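Participant: Below are the chains, spelled out letter by letter.
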Amino acid sequence: MKISINELAQLLKGKVEGDGTQQVHTVCKIEEGFAGALSFLANTKYEEYIYTTQASAVLVNKEFAPSKLVQTTLIRVDNAYEAFTYLLEKFNSVSQSLKGIEANSFVEPSAVLGKDVYLGAFSYVSKNVEIGDYSKVYPQVFLGADVKIGKNCIIYPGVKIYHGCELGDNCIIHAGTIIGSDGFGFAPLADRSYKKIPQTGNVVIENNVEIGANCAIDRATMGTTRIEEGAKLDNLIQIAHNVVVGKHTVMAGQSGIAGSTKLGPYCVVGGQVAIAGHITIADGNQFGGQSGVLAGIKESNGKWFGSPAFEVKDYLRATAIFRKLPELQKRLNALENELKQLKGE
Amino acid sequence: MKISINELAQLLKGKVEGDGTQQVHTVCKIEEGFAGALSFLANTKYEEYIYTTQASAVLVNKEFAPSKLVQTTLIRVDNAYEAFTYLLEKFNSVSQSLKGIEANSFVEPSAVLGKDVYLGAFSYVSKNVEIGDYSKVYPQVFLGADVKIGKNCIIYPGVKIYHGCELGDNCIIHAGTIIGSDGFGFAPLADRSYKKIPQTGNVVIENNVEIGANCAIDRATMGTTRIEEGAKLDNLIQIAHNVVVGKHTVMAGQSGIAGSTKLGPYCVVGGQVAIAGHITIADGNQFGGQSGVLAGIKESNGKWFGSPAFEVKDYLRATAIFRKLPELQKRLNALENELKQLKGE
Amino acid sequence: MKISINELAQLLKGKVEGDGTQQVHTVCKIEEGFAGALSFLANTKYEEYIYTTQASAVLVNKEFAPSKLVQTTLIRVDNAYEAFTYLLEKFNSVSQSLKGIEANSFVEPSAVLGKDVYLGAFSYVSKNVEIGDYSKVYPQVFLGADVKIGKNCIIYPGVKIYHGCELGDNCIIHAGTIIGSDGFGFAPLADRSYKKIPQTGNVVIENNVEIGANCAIDRATMGTTRIEEGAKLDNLIQIAHNVVVGKHTVMAGQSGIAGSTKLGPYCVVGGQVAIAGHITIADGNQFGGQSGVLAGIKESNGKWFGSPAFEVKDYLRATAIFRKLPELQKRLNALENELKQLKGE
Chain H
1 MKISINELAQ LLKGKVEGDG TQQVHTVCKI EEGFAGALSF LANTKYEEYI YTTQASAVLV
61 NKEFAPSKLV QTTLIRVDNA YEAFTYLLEK FNSVSQSLKG IEANSFVEPS AVLGKDVYLG
121 AFSYVSKNVE IGDYSKVYPQ VFLGADVKIG KNCIIYPGVK IYHGCELGDN CIIHAGTIIG
181 SDGFGFAPLA DRSYKKIPQT GNVVIENNVE IGANCAIDRA TMGTTRIEEG AKLDNLIQIA
241 HNVVVGKHTV MAGQSGIAGS TKLGPYCVVG GQVAIAGHIT IADGNQFGGQ SGVLAGIKES
301 NGKWFGSPAF EVKDYLRATA IFRKLPELQK RLNALENELK QLKGE
Chain P
1 MKISINELAQ LLKGKVEGDG TQQVHTVCKI EEGFAGALSF LANTKYEEYI YTTQASAVLV
61 NKEFAPSKLV QTTLIRVDNA YEAFTYLLEK FNSVSQSLKG IEANSFVEPS AVLGKDVYLG
121 AFSYVSKNVE IGDYSKVYPQ VFLGADVKIG KNCIIYPGVK IYHGCELGDN CIIHAGTIIG
181 SDGFGFAPLA DRSYKKIPQT GNVVIENNVE IGANCAIDRA TMGTTRIEEG AKLDNLIQIA
241 HNVVVGKHTV MAGQSGIAGS TKLGPYCVVG GQVAIAGHIT IADGNQFGGQ SGVLAGIKES
301 NGKWFGSPAF EVKDYLRATA IFRKLPELQK RLNALENELK QLKGE
Chain Y
1 MKISINELAQ LLKGKVEGDG TQQVHTVCKI EEGFAGALSF LANTKYEEYI YTTQASAVLV
61 NKEFAPSKLV QTTLIRVDNA YEAFTYLLEK FNSVSQSLKG IEANSFVEPS AVLGKDVYLG
121 AFSYVSKNVE IGDYSKVYPQ VFLGADVKIG KNCIIYPGVK IYHGCELGDN CIIHAGTIIG
181 SDGFGFAPLA DRSYKKIPQT GNVVIENNVE IGANCAIDRA TMGTTRIEEG AKLDNLIQIA
241 HNVVVGKHTV MAGQSGIAGS TKLGPYCVVG GQVAIAGHIT IADGNQFGGQ SGVLAGIKES
301 NGKWFGSPAF EVKDYLRATA IFRKLPELQK RLNALENELK QLKGE
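Residue numbers (this note's numbering), protein chains in the order written: chain H, 1 to 345; chain P, 1 to 345; chain Y, 1 to 345.
Do not rely on the hints blindly, as some may be mistaken.
If chains are identical, the list can't say which one is meant, so a pair holds when it fits in one copy or spans any two.
[As the list claims (entries may be wrong)] Computed cross-link-like contacts, EDC-like style, restricted to lysine to aspartate or glutamate with a CA-CA straight-line distance of at most 16 Å:
(1) Lys303 - Asp19
(2) Lys99 - Asp133
(3) Lys15 - Glu327
(4) Lys29 - Glu82
(5) Lys151 - Glu47
(6) Lys324 - Glu229
(7) Lys324 - Glu311
(8) Lys127 - Glu102
(9) Lys62 - Glu82
(10) Lys195 - Glu89
(11) Lys340 - Asp19
(12) Lys13 - Glu130
(13) Lys195 - Asp116
(14) Lys324 - Glu31
(15) Lys90 - Glu7
(16) Lys127 - Glu48
Bear in mind the hints are in silico, worked out from the structure with no lab data behind them.
Treat the numbers as computed from the prediction; the structure is a model and nothing was measured.
Bound-form chain H, shown alone:
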């Protein structure tokens, strides 16, 4: 989409300073400006860039007073950052005006599709599936029998949702993510082989959840694996059977939670963190990247690091000394020798 700087200013009720007839077609950071792009200046830390940026236009707060000559076109608005994010959303929503059922999709007659649903080609909608109003299901998605998708969801290409799983409203699931695969449950037999334990539960994903690309969220053995309201999961995350991820908890890429663990609300989990099975973690706990969480946590709002994880301040102190272990060993050797000499005297 192309739009002139003057039109943008009108949309934002802003005031143009400079050439408003130029067209912009994308956005950029002010330090990476280029012709045809719109940027913004909200934090004075970045002010220096406004005098050199190649961006065609920059949104600034109306009270901005330049200290040098500005060559780019300015649009003065009440709040530059808010105006910018408003535009980002507007531009994005334009590209997502998909609607209708594409010809090469497969829909069982018993499925119920809401108003203005988009269903991409090569997507497969099984028996008794329900898709809520305005939801978008991209191409090559699989929805198993009895799957329920709420309103205003976006299911990106290639997502696979096994039978019986349910999503709330306003959920976003990125490409390649698998929801409802069998939990990893096997009973050891006398001959040291394993017998599969049927996984008969499901996955429930509540409202306003976003899940990244190529994750795997297993169905419960019995009952439900649950991702609570507003939780945000990054890419390549593993959620085992019967796990609960609390509301508004965020998990960074490649982290994983083993079976039956309850992770509280408002937690923050770094990348490549592993959380053991069958434990409960209270609300608001934070875990540094690559932490290994072996035990439950009863207190709220702790900060943890390391594998096995303990309190971040203690961990950083211990790890600083870990680096000096060769020196410590030398000092210990020296002490032993001195003491020997002392005793020999």
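Starting from the structure of chain H, add chains P and Y where the hints point.
Facilitator: Frame of chain H, contents of chains P and Y only:
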């Protein structure tokens, strides 16, 4: 599926105590019981729940003697746990009675499909593929040229199997898993760029193997990457070229094995474990979560933990002291001072 | 493909010793030889195997002088290793002579497909997509609006490339990989929930890049997430928004890079390595498996290990002492006791 408690009891040759006319449509844990669900009590540790459970019916051992008033309906059977798993499998197999070739699939004329095979829409079956009797290939699966799938396999939606790979009988591959992608092999050139080494081998998966969602199992450079009989792999697992995973070995989520390593039979690998390339690990070894295995292991049945991994008892002892390193350092400082004073005297 | 040993020798301008009329249909390592396979002997370390190998034929350097009776057929060439890799590439390219648009694919009329492009069934080509000459797009691939693919690329089954992303020439993307999913960007709100920050940038993958199976490479918030020329990524790798991976850098399986980090050219990243966000790493640095990289690195060509990572030599020394911490603690206790006794005297 809905069934009355009386019908269930008949199926299990059990005896009903209470209202047998109610319908149940699912199963649950006894502590999470709800109306319409069937549960079981096998372990007396959970006995307290039978007096409060909301489950419509509970399977109990025939000799069970309640110590309080029971409000749910009981079905007395010889072995409550076995009867329950029998029902789980029965319910599950009902939902998996898929058969036939769906209209929108693509099958090369030279492919050979066995008796009662299911092939879902948008699946792609290349030249000379063979699919054994009763196997189910869900929608959106890709089977490259010359792929062989045994009998009674389940290939979930979106699995991609590259040319020349082979699966035995009774294998289950969960959604999004990739089998037979190129091994990671590149030869460094004089200009510091890399030249691809062609990966001409394949992957062989033996009988009774289950592989989770979104795994990646690379083909061999030459020869075969092999997952032996009865091995069980969780989600998001990486198996590099020319690896052998021994029979009845289990690997938890997000673990990985580098190239040419032979992991023995009956091993147990925790989540996010990394096993280095070109090593051999004897049978029955176990690795704690996030372990890093750098060297081969000749002895059977060891237990290992840590990165780099060593024996679990020693690791736990060392890691307990690691936490106290700041204290140890203080004690060392104090000793040095005392000794100085002593020598100064 | 089947070919006689005599024909192979002719192709390689080599000289046959033994029965040249046999057919070979595959290749193998000399120590794993079997009938119908061709192998090679380049490194004298493996000479013993040539006297026992079951391979039908073995390529050897023309000056090779056997010390015992050889039973397999030899083909003498100028350079056995080079001749072998030449054949590997030749055999491989034969199997990749795919061409043409398969009937069940979906192509928007505004898309532009180059000369001799292959497009597999159930692939989806959105508006304004461009695919360069000789590129192969396997079945079940999704190419979003405005995606550009260069010449001679191979996009394996099930790859999903979001709108606006670009690939150079000679790129290989393995099955299941996702390119251009939204970066993980959320602004915390007063009520402790999160608001999505629109991710409006793209991903650019330069020439000669290979990316393994089931990776996830996020689009930039603004601007570009970039994989530079000749970089090689293994399976299940996470690349966050606005990351740059330098040219001819290699990353092993399950490693990940957090947002906005610039990883220099010619780096080597081991498996399951995590690199923190917003840091810059100079060229030629190498990281051992499972390392955790928390801080930027200004010097070139360092070697790093551990989590948190520090110089490999120092790390190995420290970790060796870590194992002996229980012993160190005992020695410290003993010293304290001796000193007490000494002072008590």
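Participant: Against this structure, judge whether each hint is valid.
Facilitator: Tested hints:
no.	hint	verdict
1	Lys303 - Asp19	neither (51 Å within a copy, 52 Å between copies)
2	Lys99 - Asp133	within (11 Å within a copy, 32 Å between copies)
3	Lys15 - Glu327	neither (65 Å within a copy, 63 Å between copies)
4	Lys29 - Glu82	within (15 Å within a copy, 49 Å between copies)
5	Lys151 - Glu47	neither (42 Å within a copy, 42 Å between copies)
6	Lys324 - Glu229	neither (45 Å within a copy, 40 Å between copies)
7	Lys324 - Glu311	between (20 Å within a copy, 12 Å between copies)
8	Lys127 - Glu102	between (18 Å within a copy, 14 Å between copies)
9	Lys62 - Glu82	within (13 Å within a copy, 68 Å between copies)
10	Lys195 - Glu89	between (50 Å within a copy, 11 Å between copies)
11	Lys340 - Asp19	neither (85 Å within a copy, 77 Å between copies)
12	Lys13 - Glu130	neither (42 Å within a copy, 38 Å between copies)
13	Lys195 - Asp116	neither (45 Å within a copy, 25 Å between copies)
14	Lys324 - Glu31	neither (41 Å within a copy, 46 Å between copies)
15	Lys90 - Glu7	within (14 Å within a copy, 58 Å between copies)
16	Lys127 - Glu48	neither (60 Å within a copy, 39 Å between copies)
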